[in-house]
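K.L.:
Each chain, written out:
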Amino acid sequence: MIKQKAILFDVTLCAGCGECYNACKQANNLPETSDDFLKDHLSANTYTVVEEYGDVYARKMCMHCVDPTCVSVCPVGAMEKTELGPVIYDGEKCLGCRYCMQACPHHIPRYEWSKVNPKVTKCIMCYDRVKNGEQTACAEVCPTGATLFGDRDELIKIAQERLASDPDTYYQHIYGLEEAGGTNVLVISPVPFDQLGFAANLPKEALPTYTAKALEKIPGVVAGGGVFLAAMYWLTKRKNQIAAEEKQNKIKSISGDEK
Amino acid sequence: MKQIIPKITFWRVVAVIIIVAGLYSTYLRFTGGLGASTHLSDEFPWGLWIGFDILVGVGLAAGGFTICAITHIFNIEKYKPLARPAILTAFLGYLLVIFGLMYDLGKPYNIWHAIIYWNPRSVMFEVAWCVMLYTTVLFLEFLPIALEKFKMKKLLAFMKKVGIPIMITGVILSTLHQSSLGSLFLIVPQKMYPLWYSSLLPVYFFISAVGAGLTMVIFEAYLSARAFNKGIEADLLSRIGLYSVIVLMLGLVIKLIDFAFTDKFHLLFTINNYTLLFYLEILVGTLVPFGLLIQKRIRENRRWLYASAIMVISGFLLNRLNVSITSITTEAGLTYFPSIYEISVTLMLVTVGMWAFKIIAKNFPVFSTETHFENHNYELEEKVSESKA
Chain A
29 MIKQKAILFD VTLCAGCGEC YNACKQANNL PETSDDFLKD HLSANTYTVV EEYGDVYARK
89 MCMHCVDPTC VSVCPVGAME KTELGPVIYD GEKCLGCRYC MQACPHHIPR YEWSKVNPKV
149 TKCIMCYDRV KNGEQTACAE VCPTGATLFG DRDELIKIAQ ERLASDPDTY YQHIYGLEEA
209 GGTNVLVISP VPFDQLGFAA NLPKEALPTY TAKALEKIPG VVAGGGVFLA AMYWLTKRKN
269 QIAAEEKQNK IKSISGDEK
Chain B
26 MKQIIPKITF WRVVAVIIIV AGLYSTYLRF TGGLGASTHL SDEFPWGLWI GFDILVGVGL
86 AAGGFTICAI THIFNIEKYK PLARPAILTA FLGYLLVIFG LMYDLGKPYN IWHAIIYWNP
146 RSVMFEVAWC VMLYTTVLFL EFLPIALEKF KMKKLLAFMK KVGIPIMITG VILSTLHQSS
206 LGSLFLIVPQ KMYPLWYSSL LPVYFFISAV GAGLTMVIFE AYLSARAFNK GIEADLLSRI
266 GLYSVIVLML GLVIKLIDFA FTDKFHLLFT INNYTLLFYL EILVGTLVPF GLLIQKRIRE
326 NRRWLYASAI MVISGFLLNR LNVSITSITT EAGLTYFPSI YEISVTLMLV TVGMWAFKII
386 AKNFPVFSTE THFENHNYEL EEKVSESKA
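The listed protein sequences derive, respectively, from chains A and B.
Position one of the first sequence corresponds to residue 29 (the numbering used here), numbered consecutively onward.
Position one of the second sequence corresponds to residue 26 (the numbering used here), numbered consecutively onward.
Bound-form chain B, shown alone:
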């Protein structure tokens, strides 16, 4: 007999609680406004929903374009098994970013105004367009997976033809807006604590997104392996882990060189909460994972690789929150800490994302061994089997 009522497990109970709390916060947000649901204020107009839902959300979805570039533009084909889950993660990530934006925007029903009212001087305008276009690109990149499922061969063949230009567009759009999320803060030099303000913010945002996006691929592969009882591409993932920490280390080196040029080293020896959070961010996000994954023995150990990925992701999260919240100083010296409603909406978004990934991965050929954007080459296979015979 088919089981209709799902089994009650610990994580399912947690998920239900999170969703119910999130829905209640949603009700508060859309009936009472931002004032009733958040701790935002005139002094602190941006909070968790920008810092996490947008900055972290977009950043961690960077695995999609990075893996696509590796496999389909640089043609390093052995990584192709990672492409589909990475694309799905990115696609869901961007949909959730847009969904989350609906909570944060004061007038979400005006979101389409970005299409008709242009202001090319605004970084936010550029980000809005890139996110719109890149989400479309991600949809097109995901489309072949759906077409395969429904066996729509003609469309699939067409998608194969336009696949490369689409992916190149995707990489360019990602490069632009991943860095531009950092550029958003270029305009507040006098409001940010100097440990985080730099004219290189767009470069840091891009580099850290590439690094953390790659570890997100590891994180997602491990979760999938657990959820679907499937094996993992241990060899590929440990290499991805290595590349990720090398990229992140490069980012840190650039940051230190920038510190030298802008005379900021003394800040590292000024002990205050800013410095402590900065150290925490680079230790957890870069130095410790680098120290671990640079060793072959450790990165080939599943548990250590997984733990390192979680560290990188946590460090990345802390970095984005530090840039967007910690570093912002106000006249009155006010601080901001998100309300339980803000936190519960964010948790709901994460839960919905994981749940959607699971449902889609279950029903679509996401872990298929067939490589993305390429049909089976039936001719070649026949020839091979003939020659064998």
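With the rest of the complex left out, here is chain A:
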């Protein structure tokens, strides 16, 4: 099996230099959106941001879920979880229903609201580069090693080692190990994750299991409903017929008496 690629972001190492932000813009040919990258936010033209929380910095981008909600909800399969890990998007298939945006637990996908032929936009973990064995643009330029690119299981090991070797520095949790079924972007931090604007109330189960529970009832409804309705039709029809016949017999017997 192909090993899934992932990104490990270590908040304690991030210097807030913005190299990842610039590299992302360049790699994806995105126009400038802000004079101060620390004040920018995710948008149709910005796939990753660096946010300032007191004296620490946190990156935000698509988390590339292991079982992505966006992939499961898209009616036409425009979102795809690749074998390598990145979640990619095909704008040619897309209808523009924006269910992926509504459903994403991490509030990531953005929309080209001002366009007449709009696309959903988000980080695709530099899929073209990753496919060719390269690392993502953001990981490549990171001067402090805060953003690491590699195999998911190896990055998990690195994260666990860091947490264990320096328990005073790190808040003892790897964000993305289990959140909504896990993600291919892992984050470790000195403070709890809700303080850095990460969705903290996520269940451990992947969210698509919630709708799967409803969808798996469909065959039963179709089969059961079909049998039930056909039976009811036949029974009630028969009942009406018998009632009509009885009525006629009564009329006959009455008119027979008259004769």
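If you are wondering where the hints come from, they were derived from the structure by calculation, not from laboratory data.
Accuracy of the hints is not assured; some may be wrong.
[Stated by the list, open to error] No farther apart than 25 Å at their CA atoms in a straight line, the calculated lysine to any residue pairs in the SDA-like style are these:
(1) K255/B to R37/B
(2) K31/A to A251/A
(3) K216/B to F221/A
(4) K103/B to K216/B
(5) K31/A to I184/A
(6) K267/A to I191/B
(7) K267/A to M184/B
(8) K176/B to P106/B
(9) K185/B to A259/A
(10) K186/B to F221/A
(11) K232/A to F362/B
(12) K186/B to L158/B
(13) K232/A to Q200/A
(14) K265/A to K103/B
(15) K67/A to K186/B
Position chain B relative to chain A; hints supplied.
P.N.:
Positioned in the frame of chain A, the structure of chain B alone reads:
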């Protein structure tokens, strides 16, 4: 002399204003995109056009399958006079839902992709297919009315033969997608205010659609009676009103039991805007109409029945908007209120729907006393008249 220029009346003026405003919004939507015409944003990607045009539109069209099931599958024949108008309401309702979807979809010209690119894990995919198939079913259910008008007896006889399987298919498809519209929200447990989130959302959506769909039949019958100066089936309608509020009450009871099991009762005593809107929804949509229509004297009074129907429909509308808009919380605590362009498109759709109903009802045997999917049994009638003679 035939009158060519229609008389200017208050409602006609209102309708013209709404249509003109709607057309202007249409222009904005398709030249400037969703950004220019709506208050939607990355934080609030779904708004009025999903909440009203789709969720309310489909829900209120549920009268079509409910009445069909009562009259043609459960063979409770006395309700047959209600079947045709209900089918027409549903058919127009679904056409408008699809029409409305063209505004909301970012790439409406790709709508047919749902036919070729499949994703069976998606609730939206299932809804798309059910709506496509059920609209076809509604067309077939409406077809006999058109065939009668054009006196195409052979086709009519054929339609009569396939009528029951078509209607059974229609009821199953409706059950599936009415509930699935609720399932759409199952996947956002952490984004919805818990008063509205429940794993039973599909059940609530189905039950409330059946209840509100039935009152829609009452509403539509009263409007028709006014527009066409015709009588109404007062006895049938008051019974439909009673069944409707019983169904809705059942839905509320299930909801309260669910609250007990999921420990949500304390939310009812937390006073905030959510709670107030929730109370408004169940009071207007269920409790007050139930209290009224459960009394025979009141439900047999036309005005009260009509008023109750309007209450149920308003409560239903509020419920769908609450689920799809009010309950959605965003990180930044942003709120959404539709733009005047969104509102005007929605109003235009409603106006077009009512106008189309009127035109079709005027020109096709929609209120015919002949029962749907059944030809006159000429043989029997002859026999009856012979025996009388």
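K.L.:
Look at each hint and say if it fits the structure.
P.N.:
How the hints compare with the structure:
1. K255/B to R37/B: Holds: K255/B and R37/B sit about 21 Å apart, inside 25 Å.
2. K31/A to A251/A: violated, 41 Å
3. K216/B to F221/A: With a Cα-Cα distance of about 17 Å, the restraint between K216/B and F221/A holds, given a limit of 25 Å.
4. K103/B to K216/B: Since the Cα atoms of K103/B and K216/B sit roughly 46 Å apart, the hinted pair is violated (cutoff 25 Å).
5. K31/A to I184/A: Status holds; Cα separation ~13 Å.
6. K267/A to I191/B: At roughly 22 Å apart (the allowed maximum being 25 Å), I191/B and K267/A satisfy the hint.
7. K267/A to M184/B: With a Cα-Cα distance of about 24 Å, the restraint between K267/A and M184/B holds, given a limit of 25 Å.
8. K176/B to P106/B: Given pair K176/B, P106/B holds - Cα atoms ~20 Å apart, limit 25 Å.
9. K185/B to A259/A: Between K185/B and A259/A the Cα gap is close to 19 Å, so the pair holds against 25 Å.
10. K186/B to F221/A: Violated. K186/B to F221/A sits at ~64 Å, over the 25 Å cutoff.
11. K232/A to F362/B: violated, 33 Å
12. K186/B to L158/B: This hinted pair holds, its Cα atoms lying about 20 Å apart.
13. K232/A to Q200/A: holds, 17 Å
14. K265/A to K103/B: holds, 14 Å
15. K67/A to K186/B: Violated - the C-alpha atoms of K186/B and K67/A are around 68 Å apart, more than 25 Å.
In terms of the numbered hints stated before, the structure departs from hints 2, 4, 10, 11, 15, listed from lowest to highest.
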